[in-house]
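J.: Since each chain sits alone in its own frame, please combine them into the complex, following the hints.
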Amino acid sequence: MTETIVAIGTRKGLWIARSADRQDWTLEGPHFLMSEVASVAVDTREGRSTVLAGVKSWHWGPTVQASTDGGRTWTESAQRALAFPADTDTALERVWQLTPDPNDTDVVWAGVEPHALFKSTDRGEHYELVRGLWDHPHRPTWEPGFGGGAVHTIVPEPGHPESVLVAMSAGGVYRTGDGGQTWAPSNPGIRAGFMPDNEYPEYGQCVHKVARGQGEGELFAQNHNGVYRSHDNGATWDSIAEGLPTDFGFTVLAHPRRPGVVWVVPVADSGERIPPDAQLQVQRSEDAGATWRQQATGLPGHSYTCVLRDAASLDAADPVGVYLGTRNGDVFASADEGETFQRIATQLPDVLVVRAAQLA
Amino acid sequence: MPSAPVRVILPGMLRDLVGGVAEIEVESPSESQTVAELLDRAFSGHRILDGKVRDERGQIRRHVKVFVNGEDATRGEGIGARVPAGARVHIINAVSGG
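Chains A and B, in that order, are what the protein sequence lines are.
For the first sequence, the working numbering gives the first residue as 1, with consecutive numbering after it.
For the second sequence, the working numbering gives the first residue as 1001, with consecutive numbering after it.
Excised from the complex, chain B in its bound form (with noise of 0.2 Å):
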């Protein structure tokens, strides 16, 4: 049976980059996929988003937080958390600079 997919939404800055698009959704293979495994299919269509959530290392950068159901995934388990079949998915640019 196919699991609900998850929804990925984009921050303002990033949408600007992929012609508008504010929400990408990602078909869940199973009952769950780690952060890393979303991200590569989410960006498969929008190559340019991975270089800006992720290094070449594939960490995600260190301004950039992924919620995942409204916890932040990057103080945990990063890369490597589960996302469950149709959460919802936050990329933020975190709020730092001067």
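Okay, chain A solo, but in the shape it has when bound (with noise of 0.2 Å):
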């Protein structure tokens, strides 16, 4: 029987919601109480039940946690799974982004704060710094946003294991076509407002969050200020917010099967950061960005959370679940593409990751 799970990791824990229909749900949890899970992912390929999550504690440091049995149960290596190597003399902060790679099966993605992406060929055992990022002579210029400076965001290329699309918040997006040997920014049409002369440099961008889409070379992007399509895997970019309410947000979904559709969660403002009216909603596009709708049923008005870059997810189901956590507590599930949502987790601590998909 197949079992939806929605991995919630918080500031101070994880919690992983389970159904067998998509409307009743159980909770369980905490695993890791009182450790702040930034990163999780769901790795489902060849069969699997393996749960990654990024797990750091106040005091004892940051590291990588394992579960084989969909989040039942958990391991962590007794070396470290993650580090960096001596010669850069940095220390790792934080796993913001475990991404299992769609080309190979055995190579899963971190990318980690400060700004660095590593690599695991054998399923997130241990990870390898990538050091073509590293080593690119525009590192020790790309600014920390105000949650840190990371490799937030990574995009394979399915059909195409050396294309690798990364986005940093501030350094904006940067791609790879030599499996991550060398990368180029790859910015043009992002716009950089907050910069004071040039508001379309090369790089600098602050890019919250990019999502694959359906559609050849269909790529979403939700920035600081600015929503974005590209039809050209990232070489270039052009604004879709114009039907939004905000172009501000932190998080953005592109449907699983269907070219074009696409989901981001409005904010208000940069210094506003309230849902737009108070009515914490999804906008939806169908027709990848031109037109944008409303869902908001089942989602509370009088709302002055925020849904941050990761705490939102979709399922591969038909139709799709959407999935929200925001950041005081709430978990919002939709098991019919947006059009009606439900709370399915209430009074957690505040939501950093969602991730949902569906165990054989």
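Treat the hints with care, as some may be off.
[Unchecked claim] Calculated from the model, a selection of chain B residues having no Cβ within reach of chain A, i.e. all distances over 12 Å:
| # | residue |
| --- | --- |
| 1 | 1025 |
| 2 | 1027 |
| 3 | 1084 |
[Claimed, not checked] Simulated restraints, written as ranges between beta carbons of each label pair:
| # | chain 1 | residue 1 | chain 2 | residue 2 | range |
| --- | --- | --- | --- | --- | --- |
| 4 | A | 3 | B | 1030 | 53 to 61 Å |
| 5 | A | 79 | B | 1072 | 26 to 34 Å |
| 6 | A | 68 | B | 1025 | 31 to 39 Å |
| 7 | A | 189 | B | 1045 | 54 to 62 Å |
| 8 | B | 1016 | A | 346 | 26 to 34 Å |
| 9 | A | 188 | B | 1072 | 49 to 57 Å |
| 10 | A | 140 | B | 1016 | 34 to 42 Å |
| 11 | B | 1022 | A | 162 | 50 to 58 Å |
| 12 | B | 1045 | A | 85 | 20 to 28 Å |
| 13 | A | 199 | B | 1012 | 50 to 58 Å |
| 14 | B | 1012 | A | 87 | 33 to 41 Å |
| 15 | A | 328 | B | 1045 | 41 to 49 Å |
| 16 | A | 106 | B | 1072 | 30 to 38 Å |
| 17 | B | 1022 | A | 88 | 30 to 38 Å |
I should point out that these hints are in silico values taken from the structure, not numbers from a laboratory.
If you're wondering where the values come from, they're calculated on a predicted model, not measured in any experiment.
C-beta: ideal position from N, C-alpha, C; glycine also.
T.: Have a look at this one:
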């Protein structure tokens, strides 16, 4: 029987919601109570029920924990699974992103703070620094965003194992076409409105999240002010913010099967990080951002919370499930592509990451 | 003549990781050793503790304290502080967080 799980990483631990029908949910947890869980990946490749979590104890530092039974039990490598090499004289601060690779079922990517990308070729047991990005001459000039300086988004290209896109706040989008040996910024069209003179620099944009759509070369990006689409795998970007209540937000989600279907979770403004008109909502487009419509049934009004960059997820069921976690500890689930939501968790610590998947 | 061993006392939060071990006795090769050398020896049989107490550069984590005979070594010379033979060393999670 297929089970849907929603892994919910928060400032003070990890919870897991489970459902057989996406209507009735149970909530398990906390795992890692009092440790921050900023990144989660559910690895269902080859029928696995593996869950990886980037966990940070305020006392005992960051690590990667792994579960092979869908998040019920966890193990941690006695050796450091993910650490900077000695010659970098750098210490890991936080694992911001864990991304199973679609082209190689043994590969897992990790984006970390400070700005760096790691690659595991043993399903997440050990990770090695991707030197090509670490040695990039731009790196010393990448600035930390408010939450820290990190590679927070990793978007491999299905069918093209040498092609990977990463995004950073604030550094912008970088791409490799040779498996990570060399990287180049790829931000044409993305505005950096906070820059005093040149608002379209080569790099330095504050890209909050990038999602791969199903159209040819289709990517969507939510920026620090700005929502964008690319038709050429990130070589160039066009604004699709018109029609949205605001161009600010943190997250973006793209339908796993239908080209052009995309969701964002708008936030009123950079200086006003609440839902527009205090109505928690998602905005959905079915035409790659040409038009948008609000979906808010079941989501609260009079809401002064916020959905962070990784605190939203889709599952792969039909119809697609949409999941949101908020900074005030609620998690909402939709089993009908965002038309209606129900609250499946409440009173949790602030939600940093939500990842949903179907387990066999 | 062998020197008296150093006793390293673990905080409760770390004992669960090593099967409830509360204290590790470490041989002292001479009259004293540095905190770094002591931790290398103490953690050689408990590798998971190393990543909890020190980062990959070997520095004591920001919210961890190492007390040598009641004195906070992390305030002074840090991992270079000398630990005399026979010392009692407490590893403590700092009172911080929210």
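J.: Now, for every hint given, state plainly whether the structure supports it.
T.: Verification of the supplied hints:
no. : hint                        : verdict
1   : 1025                        : 20 Å, holds
2   : 1027                        : 22 Å, holds
3   : 1084                        : 27 Å, holds
4   : A/3 to B/1030: 53 to 61 Å   : 59 Å, holds
5   : A/79 to B/1072: 26 to 34 Å  : 29 Å, holds
6   : A/68 to B/1025: 31 to 39 Å  : 36 Å, holds
7   : A/189 to B/1045: 54 to 62 Å : 56 Å, holds
8   : B/1016 to A/346: 26 to 34 Å : 29 Å, holds
9   : A/188 to B/1072: 49 to 57 Å : 53 Å, holds
10  : A/140 to B/1016: 34 to 42 Å : 40 Å, holds
11  : B/1022 to A/162: 50 to 58 Å : 51 Å, holds
12  : B/1045 to A/85: 20 to 28 Å  : 25 Å, holds
13  : A/199 to B/1012: 50 to 58 Å : 53 Å, holds
14  : B/1012 to A/87: 33 to 41 Å  : 36 Å, holds
15  : A/328 to B/1045: 41 to 49 Å : 44 Å, holds
16  : A/106 to B/1072: 30 to 38 Å : 45 Å, violated
17  : B/1022 to A/88: 30 to 38 Å  : 35 Å, holds
Hint compliance for this structure: hint 16 alone is broken.
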